[in-house]
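Participant: In order, the protein sequences belong to chains A and B.
In this text, residue positions in the first sequence follow the numbering used here: the first is 1, and each later residue adds one.
In this text, residue positions in the second sequence follow the numbering used here: the first is 1, and each later residue adds one.
Rather than coming from a laboratory, the hints here were simulated on the basis of the structure.
Being a predicted model, the structure only gives us computed values, none of them experimental.
Please note that the accuracy of each hint is not assured.
Each pair of labels, with its calculated beta carbon distance range [said to hold, decoys possible]: (1) A:Leu54 to B:Pro72: 15 to 25 Å; (2) B:Ile84 to A:Gly100: 12 to 22 Å; (3) B:Thr181 to A:Tyr86: 30 to 40 Å; (4) B:Ala122 to A:Phe111: 57 to 67 Å; (5) A:Tyr86 to B:Pro163: 38 to 48 Å; (6) B:Ala61 to A:Phe117: 14 to 24 Å; (7) A:Leu89 to B:Trp145: 31 to 41 Å; (8) B:Pro159 to A:Phe111: 23 to 33 Å; (9) B:Ile189 to A:Phe117: 50 to 60 Å; (10) A:Arg55 to B:Ala122: 40 to 50 Å; (11) B:Ile96 to A:Leu96: 27 to 37 Å; (12) A:Tyr86 to B:Glu78: 37 to 47 Å; (13) B:Asn119 to A:Arg55: 42 to 52 Å.
Positions of the beta carbon are idealized from the N, C-alpha and C atoms, including for glycine.
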Amino acid sequence: MTQAAHSSPGTANQAAPDHGQHHPLKVYFVVWGWLFVLSALSYMVDYFQFEGYLRWTLILIFMMLKAGLIVAVFMHMVWERLALIYAILVPPLAVLVFVGIMAIESEHTLFTRHLFFGAGG
Amino acid sequence: MAESSSTPHAAASAALQPGGRGFVADWSADQRSFKTASWHKAMMWIFLLSDTFIFSCFLIAYMTVRMSTVEPWPNTSEVFALTIAGESIPLILIAIMTFVLISSSGTMALAVNYGYRKNRRATLILLLVTAGLGATFVGMQAFEWTKLIHEGVRPWGNPWGAPQFGSIFFMVTGFHGTHVTIGVIFLLIVARKVWRGEYDEEKKGFFTSRKGNYESVEVMGLYWHFVDLVWVFIFAFFYLW
Chain A
1 MTQAAHSSPG TANQAAPDHG QHHPLKVYFV VWGWLFVLSA LSYMVDYFQF EGYLRWTLIL
61 IFMMLKAGLI VAVFMHMVWE RLALIYAILV PPLAVLVFVG IMAIESEHTL FTRHLFFGAG
121 G
Chain B
1 MAESSSTPHA AASAALQPGG RGFVADWSAD QRSFKTASWH KAMMWIFLLS DTFIFSCFLI
61 AYMTVRMSTV EPWPNTSEVF ALTIAGESIP LILIAIMTFV LISSSGTMAL AVNYGYRKNR
121 RATLILLLVT AGLGATFVGM QAFEWTKLIH EGVRPWGNPW GAPQFGSIFF MVTGFHGTHV
181 TIGVIFLLIV ARKVWRGEYD EEKKGFFTSR KGNYESVEVM GLYWHFVDLV WVFIFAFFYL
241 W
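With the rest of the complex left out, here is chain A (with noise of 0.2 Å):
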């Protein structure tokens, strides 16, 4: 993945003193046009009022591509070592954790708030 997407000349990581990343402005412009796109379809879901799983969906595919693009490319995560973007990227999947537990927490709060103030609250 990273070697195929490093264009300059020489490995991915080169020795250059500065380590900085220098590739050529075309990637960062075709990015940034696909963000407008997805950005774009993303507010289309709306406009055109899809519903349920469809839009739950599409909202979050299209979500998904454009922080994908974003930490990829803008923030040139694809150039860096596995390290980093492991240090990085894996403890954000902690979050899912915790996003089932509050799920099932609301669930159960629903359920109570039903049972003891009656539906409509």
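Position chain B against the provided structure of chain A, taking the given hints into account.
Facilitator: Chain B in isolation, oriented as in the chain A frame:
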């Protein structure tokens, strides 16, 4: 370091292993795990990781109150609609804000690139454009807040449904707006340094007294792209959901 040259990692990075083996070797190595990223950059990434957790907590709090409320959640598509030329367009202000922020991310990425090319003029202009777009975003957010406050949205209630809507709205967008504002201030500081050529002559910073170089523009860019990244999630979860 034994090597006397100004590029202590140059010899080491030539021998770095790729892939999973490289990952294990880096993490079990002496001295430092991030072989090619400077501390400057690694620390910004670690700060951004901690910030990720902060925003995650906000969005999880939002999920929790939204899932557990028995009252209907206000329809964001209508709440954030604007009437333009006599026609109500849903969510249009938020869409424009999204495009403004993405544009600023694009100009920031270009600024980083021109910085590494040592093109001072282009870097300066692009940094100023980025700061301008960021300020525009904050301005539009101030407009949005004013509009909603006039319509009766408060942290403890609103005219359309679940009272939690207001508290989540003000907290999440307020925290994000604060990040953008801080970003604009630092963009201007970095722009001033570029303008004065402080990265070309490696002038020491007033705060850290490290030698300046154009990597500072990239690290600034990491923060700025992160602000855009957070907005991607807020846009999806708060405005579109």
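Participant: Indicate, hint by hint, whether the structure satisfies it.
Facilitator: Structure-based check of all given hints:
1. For the pair Leu54 of chain A and Pro72 of chain B, the beta carbons lie near 21 Å from each other, so the given range of 15 to 25 Å is met.
2. In this structure the supplied range 12 to 22 Å is violated for Ile84 of chain B paired with Gly100 of chain A, their Cβ-Cβ distance being about 41 Å.
3. Against the hinted window of 30 to 40 Å, the Cβ-Cβ separation of Thr181 of chain B and Tyr86 of chain A comes to about 32 Å, which satisfies the hint.
4. Take Ala122 of chain B and Phe111 of chain A: their Cβ atoms lie about 59 Å apart, and the range 57 to 67 Å holds.
5. Checked against the given bound of 38 to 48 Å, the beta carbons of Tyr86 of chain A and Pro163 of chain B, roughly 42 Å apart, stay inside it.
6. Evaluation of the 14 to 24 Å hint for Ala61 of chain B and Phe117 of chain A yields a pass: the beta carbon distance comes to about 22 Å.
7. Between Leu89 of chain A and Trp145 of chain B the beta carbon distance is about 33 Å. The supplied range of 31 to 41 Å therefore holds.
8. Range check, Pro159 of chain B to Phe111 of chain A: about 28 Å between beta-carbon atoms, so the 23 to 33 Å window is met.
9. Taking the beta carbon of each, Ile189 of chain B and Phe117 of chain A are about 53 Å apart, inside 50 to 60 Å as hinted.
10. Against the hinted window of 40 to 50 Å, the Cβ-Cβ separation of Arg55 of chain A and Ala122 of chain B comes to about 41 Å, which satisfies the hint.
11. Checked against the hint of 27 to 37 Å, the C-beta distance between Ile96 of chain B and Leu96 of chain A comes to roughly 32 Å, which is consistent with it.
12. Remark: the range hint 37 to 47 Å for Tyr86 of chain A to Glu78 of chain B is upheld by a beta-carbon distance near 43 Å.
13. Range check, Asn119 of chain B to Arg55 of chain A: Cβ separation about 44 Å, and the 42 to 52 Å hint holds.
Of the hints listed earlier, the one the structure fails to meet is number 2.
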